[in-house]
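Undergrad: Spelled out, the chains give:
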Amino acid sequence: MSQSYNRGLIEDFGRWREFTAGMWAWILHKFTGWVLIGYLFTHIAVLSTALSGANAYTNTLQGLESLLLVRVMEVGLLAVAVFHILNGVRLLFVDLGVGLEAQDKSFYASLVVTAVIVLASIPTFLEGAF
Amino acid sequence: MAERYSSFSSGSLPWFLQRVTAAFLVVVLAFHFFLLHFVNHASEVTFAQTTARMEEWGYLLTMVLFLLTATFHGVNGVYAALLNQGLTGTKKRVVQVVLAVAALALAAQGTYVALVMSGVM
Amino acid sequence: MSTQIQEEADEPTETEAETAPAERQSPGDRRRAEKRTASDQAVGSEPVGRADDDTFRLKVFRYDPEVEGKMEPRFDDFYVPREKGMTVLDALIYARDHYDTTLTFRHSCRQAVCGSDAFFVNGRQRLGCQTQISDLEAPIRVEPLPHQDVVKDLVVDMEHFYDQMHAVEPFFQEDDLPSGDLEEQRQSRENREKIKMSTRCIWCGACMSSCNIAAGDNEYLGPAAINKAYRFAMDDREGDDLKQHRLNIMDQEHGVWRCQTQFSCTNVCPKDIPLTEHIQELKREAVKQNLKFW
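Protein chains in written order, with this note's numbering: chain B, 12 to 141; chain P, 14 to 134; chain X, -12 to 281.
Same shape as in the complex, but just chain B:
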């Protein structure tokens, strides 16, 4: 079919407005997954300062935590982790064949619960940051 016309990616992410709940759940789950594995590498790297002694560890952590940017990014990390957990539970149920008819509603529910948990946690996360 050398002559046939390939429409490229127009029909994929260019059409995000037409995506359904299950598709959004997949995109967000993949995105949050990438963020979390990326964070895990950074996390271990930062904690590795413990190898250089007690003071290096304490100073590095408290130094980072004193930065407003780090605090705000932690809220972002919380949002990412909570969504990944909740949607992950949703996916476990889907894998068990439970509640497949309500998969779109359970996705919306995980979004709402994520938002509530994150908003409620902001005061704790930003405490003393300003």
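It is possible that some hints are incorrect.
Chain X is nowhere near these chain B residues, computed Cβ spacing over 10 Å in every case [unchecked claim]:
1. N66
2. L79
3. G87
4. P134
5. F136
Across the chosen pairs, the derived CB separations fall in these ranges [said to hold, decoys possible]:
6. B/L137 x P/T75: 23 to 33 Å
7. P/A94 x B/V127: 22 to 32 Å
8. B/W27 x P/A94: 16 to 26 Å
9. P/T75 x X/F158: 49 to 59 Å
10. B/E29 x P/L74: 45 to 55 Å
11. B/E138 x X/E180: 54 to 64 Å
12. B/V83 x X/F158: 54 to 64 Å
For the record, the hints were derived by calculation from the structure and aren't laboratory data. Each residue gets a CB set at the ideal place from its N, CA and C atoms; glycine is no exception.
Mind docking chains P and X on chain B? Use the hints.
TA: Chains P and X in isolation, oriented as in the chain B frame:
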């Protein structure tokens, strides 16, 4: 016809383990966030506090298991995402090796740090 | 008054510009008019009907690698008279019969059985003959199925889809037939009920086209083929050895494991087959089978 599409390298084990680790991680990740942001505040963490926690065998074991399962879950997830893009041949081999090395390095370094924190090493 | 109506029709259709007053032509209009004349010469004139209260706008994807003016894919607009009970397929047939006989699309039974008229209608895979115009918002945009090569206009190359379907051995096989000459091979009511939905597949390819993974991974069997495998793997009349054989085909990197439960296929299936559910059940069956051998 089936052999046209791939060898019978089953994908059931990675899929299954991804789910098993997920069930474990859901609980431990929630616990981890709760402990280090609500019970203790991340901004007040000191080396002394960390070692005090890590000296508890149950906690140390949980954290090491947390690290190992998270590494598997994350790296396997990345690999699955790349397979979705139709990864084949040499590229696939390279990705496998790179991901395996990264995972082993992460797990080894993390475990080492945990043992140092707990005072075992 | 008349110019106003003309302008309305003008913008979307772009074919009546020649009749527009010359003093109102912008350079862009002139360019478009020239382009149009060129394409008109290649494919013949394209009347598009009248835009009024009784018609609706049908935007149809056009492409033909063998005709000069159609090598660049584009959309043609047709104004089709609204009729009660009209389907997207009816509208396409109307446009072809009244406006442009070169408009090409597959269709046969017109009653959602043959599975030949799956199109991408208003951003979703649907059967043309099963989709009521009254359920859609105008303008109605009809495109060939995404993720498949376009042969001409709305006709896509189904070869890859058929390859994947055949790869799962989509036919009944048996280990041992009943001994008696005239003995029937009966299926229990419960078992028939279990595979009922999976037997409804009409090979239209809508699910495969909607699947984001199938788009990226060309070797992925896809929802239709996996559903076909489900239909036979779950059929009790096939013996245990055959079931294991079928699960082995599913239990591959590009078999069931590529499904990421996006539910796109289940959403678009014109026969309402719970595709994701069937794929998930096969995954669990495959894991169970492997656990047994440990």
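Undergrad: Next step is simple, just say for each hint if it's right about the structure.
TA: Structure-based check of each hint:
Separation of B/N66 from chain X is adequate, the least Cβ-Cβ distance of about 47 Å exceeding the 10 Å criterion. At roughly 37 Å, the least C-beta separation between B/L79 and chain X is larger than 10 Å, which holds for a residue marked as non-interface. Interface exclusion of B/G87 from chain X stands, the closest Cβ pair being 24 Å apart, more than 10 Å. A cut-off of 10 Å between C-beta atoms confirms that B/P134 is not in contact with chain X; the least separation is 36 Å.
Every CB of chain X lies more than 10 Å from the CB of B/F136, the least distance being 31 Å, so the non-interface label holds. The hinted window of 23 to 33 Å between B/L137 and P/T75 holds, with their beta carbons roughly 28 Å apart. The given range of 22 to 32 Å is respected by P/A94 and B/V127, whose C-beta atoms sit roughly 29 Å from each other. Between B/W27 and P/A94 the beta carbon distance is about 18 Å. The supplied range of 16 to 26 Å therefore holds.
The supplied range of 49 to 59 Å is met by P/T75 and X/F158, whose beta-carbon atoms lie about 52 Å from each other. A beta carbon spacing of about 48 Å between B/E29 and P/L74 agrees with the range 45 to 55 Å that was offered as a hint. B/E138 and X/E180 have their C-beta atoms about 58 Å apart, which keeps the hinted 54 to 64 Å range intact. One distance hint, 54 to 64 Å for the beta-carbon pair B/V83 and X/F158, holds here, with the actual separation near 60 Å.
In the structure shown, no violation is registered for any of the earlier numbered hints.
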